[in-house]
Amino acid sequence: AQSVTQLDSHVSVSEGTPVLLRCNYSSSYSPSLFWYVQHPNKGLQLLLKYTSAATLVKGINGFEAEFKKSETSFHLTKPSAHMSDAAEYFCVVSADQTGANNLFFGTGTRLTVIP
Amino acid sequence: DVKVTQSSRYLVKRTGEKVFLECVQDMDHENMFWYRQDPGLGLRLIYFSYDVKMKEKGDIPEGYSVSREKKERFSLILESASTNQTSMYLCAVRQGIRIGQPQHFGDGTRLSIL
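If you read the protein sequences in the order shown, they are chains A and B. No gaps in the numbering here: position 23 of the first sequence is 93 in my numbering, and each next residue is one more. No gaps in the numbering here: position 89 of the second sequence is 1302 in my numbering, and each next residue is one more.
Check each hint, because a few of them may be wrong.
Cross-link-like lysine to any residue pairs, in silico, SDA-like; alpha carbons within 20 Å at most [said to hold, decoys possible]:
id: 1; chain 1: A; residue 1: K112; chain 2: B; residue 2: E1282
id: 2; chain 1: A; residue 1: K112; chain 2: B; residue 2: S1293
id: 3; chain 1: A; residue 1: K112; chain 2: B; residue 2: S1300
id: 4; chain 1: A; residue 1: K119; chain 2: A; residue 2: K138
id: 5; chain 1: A; residue 1: K139; chain 2: A; residue 2: A123
id: 6; chain 1: A; residue 1: K112; chain 2: B; residue 2: D1264
The set of hints was computed from the structure by calculation and includes no laboratory data. The model shown is predicted, which means the values in this text are computed figures rather than measured ones.
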């Protein structure tokens, strides 16, 4: 079975400081993992994806995530927060079998950036 | 990447009306999805389609139906709108069914049922 737990519903950082959004997953097999970002009243935009290649994945807007199998984690980081990063972030795991319906979403982490 | 366009950003309808939400992709991908997003509940899958005229129920299909007559268009239908269907509706598209392929989302339709 697949599931995702985003450990913080809300994270607040100051502009220019590092961002850490935490995600733990559960999967019977080697998972594919994604982070999406959603700005207010917009759809979800893909930030990055992990699909069993390099464990450190670089995405758009300076974000990156590291896949740690031993910890079943896929935390999202950014060295320096920008005001435009304020949004909701979703960690998503893909099911381990083929099929049309195979994404499982976390409940989201709202990132606030303080000027 | 595929561009996913939802026909309305904001929509206000009345209880009992039949409501159509449209989603169009600019490529030829097989798989299309409809979700609703509610505070505290995250994204929940309503219906998905893996080809023209093919559809499957998601987690919360009650009160909804879908139509896929052409590959690029996937419509969500509220047969008789109710106030508990007030929500943000998101359409998504994915190419193929192989593991590791992400879904690409439209900007959403914020639907209010009065």
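Of the numbered hints stated earlier in the document, which are not met by this structure? 1, 2, 6
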